[in-house]
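Visitor: Read off the chains here:
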Amino acid sequence: MNLLKSKSPRTVLRDSARRPRARRLRKSLPVVLLHLVMLIGLLLTLLPFWWMVMASFMPGGEASTFPPRFWPSQWSLQHYQTLYERLQIGRYFLNSLILAGGVTLVSLLVNSMAGYAFAKFAFKGRKAIFTSLLASLVIPGQVTMLPVFLLLKQMGLLNTYFGIILPGMASIFGIFLIRQYLQGIPDSLIEAARIDGAGDLKIYWKIIVPLAMPILVTLALFTFMGTWNDFLWPLIVLNRQEMYTLPVAIANLMGEHAPDPELMMAGAVITILPILILFMVLQKYYIQGILMGGLKE
Amino acid sequence: MHRKTLIPWIFLAPALGTLLLFFFLPVAASLVMSFTDFDIYAIGKLARVRFNGLENYRRLLEDPLFWKALLNTAYFVFAGGPLTILVALLTAIGLNSRRLRLRPWFRLGYFIPVITSLVAVAVVWRYLYHPRFGLINYILSMFHVGSINWLGDPQWAMPAIIILAVWKNFGYYMMIFLAGLQTIPDYLYEAARLDGANWWGQFRHVTLPQLAPTTFFVTLMTLIGYFQLFAEPYVMTQGGPINSTLSVVFYLYQQGFRWWHMGYASAIAFMLFLIIFLLAMVQMLARKRQEAA
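If you read the protein sequences in the order shown, they are chains A and B.
The numbering of the first sequence is the numbering used here, which starts it at 1 and goes up by one.
The numbering of the second sequence is the numbering used here, which starts it at 1001 and goes up by one.
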C-alpha cells in the first residue's frame, strides 16, 4: 500500500511528461520529413556542380573510373593550365566579357531613353507603337535569324563584336520594364526641373537615370547574364575561332576533347563561375526582376 | 507631360531604329524568303532567287524529318513542361512552409541551375549520363537499376534531355510559384481547416485555385520556351541517335546554316511561330473559359 502510494504520483508525473512528448513527436515528424525531403532535393540539385568542380581538379583519367570518384586523389591545376596555355580560354573569356559588357551598356542607354519617351511624353502614335511592340513579343527570335544573318553579312559585321552588339541594342521587354517603372515617378519632379531651366537631356541624365537605378541594375544583370549564356546567335554570327564566346568555345571543344572530362569540366567551371559570383552579389535585384513580370534571358 | 515636339522621337530613335532594322524588317524578309528558293547560290548573287509560292511549305508537310522533329519537340514540351511545373510547384510549397529552417539557403541552392550557361551544364550532364562511368547510372545501380545507355539509346535520349531541362529550369518557375503562394491569405486556410479540410483538401480547394493565374503564366512561359529546344541536343546528342532528339529549331539550324537552304529554313521558322502562336491562343481561350465558369 505504502509502496503503491509512493509510486502512483511518479507514474502520473511520468505519464504527463510522456504525453506531450508523444504529441511533440507526432507534430515534429512532418517537419523532420520536410527537412529531409528538401535536403535530398537540394543535394540532387547541387550534385552535378559538385562533380563538375571536383572533376576539374582531378588528374587526367580519374573522372573516367568506376565507381565514380567524388573528389580528386590529388589536386591538379593541370587542366586549367592547358585551357589557358594551349586552348586560348583567356581569349574566349575576354570575348564573352566584351560582348556581355558591351550589349549591357549600350542596351541600357537605348532602352532607358525609349522607356522615358513612352512614360513621360505625350506624342502622336505613342499608344499604337507601344501596343504593337508588346504584341510582337510573341514572335520567336528564330524567325529573324536568317535575314539578320544576311544583313550582317552584307554590312561586313559577321565575326565582329558589332554583329552581336548592334542587334542586341534594343529589347522590347527592357523598354517595357523601364516604362512601367518610370510611370511610377511623379511628373512634378520633372516639371520642377524644367522650371529650373533644365533641358530634356539634362532631365533624362540627372533625374530619370538616377531615379530608375534599381530597375536599371535589374535589367543590366539580366542582359549581362543573358548575353554571357547565349549560344545560338553567337554560334551563327561568330564562326571564326578567335571570336568565339565561352559557350561556343566549350561546345566546340566537346568535339575534340570529349574523352577528357577533367578538361571539359574545367572549361564548364570557367564559364559558370563569373555568372554565379555576379548572381550571388546582386541576387536581390535578380529576384525582383523575375517577380516584375517574368523576365527571362 | 510634355507636348508636341520632336524631343520624344529623338529619345525613341535609337531603339525604334534598331528594332526596325534587326527585328521588324527581318520578320517581313523572313516571310518573303519562305516563299522563295533562297539558297547558297543566292547568297552570292541575289538575282538567282526565284519565288516558288507555297512550294517550301508543301515540301515541309511531306518532309519526314520535319515531322520527326516536330514530334520530338512535342514530346519534349508535353512531357518536360508539366514535369518542370510539377517539380517547381512541389519545391515552392516546401519552401513556403513556415517551419522550414534556412529557407533563403534552400531557395538559393535550388535556383543556381537557372543562372548557369546551358551549354556548360549540358556538357557536365553528358558525362553524368555516361553509361559506364557516369554518376547517374552509379546512383541507379545502388537501387539495383541496370545500366542505361542514356544518350546512346533512341528510347532514352529524349528522357535524358527532359531530365536535364527539368533540373535546369524548375528553379525559375519555383520562384514565381513561391511569390504566388505568398499572396494567398491565411484566413482562406483557416476557413478550410474549420470546414474540416485536411492537407490535401486545403491544397485542392485553396492553393490550386488561388494559384491559377500563376499556373497559367508559368504554363505559357514553359510552352513558348520549351518549343525552342536547341542547345541541349546540339551539345549532347547532335540530334541523334537516329534523329530521336532532333528538334524543330535544330532542324531549322541545320537547314539554314549548315546546308544554306534559307528559303526552306524560313518556312520552318514560320511554322514554328504558327504552332507556338496557336498553342498560346488555345491556352488563353481555355483560361478565359475557366474564368467565366
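Treat the hints loosely; a few may be bogus.
Unchecked claim - With a straight-line Cα cutoff of 30 Å, these simulated BS3-like cross-link-like pairs (lysine-lysine) come out:
no., chain 1, residue 1, chain 2, residue 2
1, A, K206, A, K284
2, B, K1288, A, K127
3, B, K1168, B, K1045
4, A, K153, B, K1045
5, A, K153, A, K206
6, A, K284, B, K1168
Claimed, not checked - For each label pair, taking beta carbons as the anchor points, the in silico distance ranges come out as:
no., chain 1, residue 1, chain 2, residue 2, range
7, B, Y1189, A, W205, 33 to 39 Å
8, A, I98, B, R1059, 39 to 45 Å
9, A, N239, B, G1240, 21 to 27 Å
10, A, N239, B, Y1189, 54 to 60 Å
11, A, T65, B, Q1182, 31 to 37 Å
12, B, L1054, A, P214, 48 to 54 Å
As the list claims (entries may be wrong) - Quick look at which bits of chain B chain A covers, simulated, 3 or more residues with Cβ under 8 Å:
no., region
13, 1019 to 1030
14, 1047 to 1059
15, 1085 to 1098
16, 1118 to 1126
17, 1247 to 1257
These aren't lab readings, by the way, just hints derived from the structure by calculation.
Every residue, glycine too, gets a C-beta built ideally from N, C-alpha and C.
Visitor: Run the distance test for K153 (chain A) versus K1045 (chain B): straight-line Cα separation, threshold 30 Å.
Guide: Holds, at about 13 Å.
Visitor: Between the beta carbons of N239 (chain A) and G1240 (chain B), is the distance compatible with 21 to 27 Å?
Guide: Once the Cβ atoms are compared, 22 Å apart, the range 21 to 27 Å for G1240 (chain B) and N239 (chain A) holds.
Visitor: Per the coverage rule (Cβ-Cβ under 8 Å, at least three residues), is the region 1247 to 1257 of chain B covered by chain A?
Guide: With 5 residues closer than 8 Å to chain A, the region 1247 to 1257 of chain B meets the three-residue bar; holds.
Visitor: Verify the proposed pairing of K284 (chain A) with K1168 (chain B), using a straight-line Cα cut of 30 Å.
Guide: 20 Å, holds
Visitor: Examine the region 1118 to 1126 of chain B for residues whose CB is less than 8 Å from any CB of chain A, and state whether their number is three or more.
Guide: It holds, with 8 qualifying residues against the three required.
Visitor: At the C-beta level, are I98 (chain A) and R1059 (chain B) separated by a distance inside 39 to 45 Å?
Guide: Given about 42 Å between the Cβ atoms, the range holds.
Visitor: In this structure, is the beta-carbon distance linking L1054 (chain B) and P214 (chain A) contained in 48 to 54 Å?
Guide: 50 Å, holds
Visitor: Please check whether the region 1047 to 1059 of chain B has three or more residues whose CB lies within less than 8 Å of a CB on chain A.
Guide: With 0 residues in contact (Cβ-Cβ under 8 Å with chain A), the coverage given for the region 1047 to 1059 of chain B is violated.
Visitor: Hinted pair, alpha-carbon criterion (30 Å max): K1288 (chain B), K127 (chain A). Please report holds or violated.
Guide: This hinted pair holds, its Cα atoms lying about 25 Å apart.
Visitor: Taken at face value, is the distance from the CA of K1045 (chain B) to the CA of K1168 (chain B) at most 30 Å?
Guide: Roughly 43 Å between the alpha carbons, so the hint for K1168 (chain B) and K1045 (chain B) is violated.
Visitor: Check, residue by residue, whether the region 1085 to 1098 of chain B contains three or more positions whose beta-carbon lies closer than 8 Å to a beta-carbon of chain A, and give the verdict.
Guide: Result for this restraint: holds, n = 4.
Visitor: Regarding the pair K206 (chain A) and K284 (chain A), is the alpha-carbon distance no greater than 30 Å?
Guide: 25 Å, holds
Checked against the numbered hints given earlier, this structure breaks hints 3, 5, 7, 11 and 14; the rest are met.
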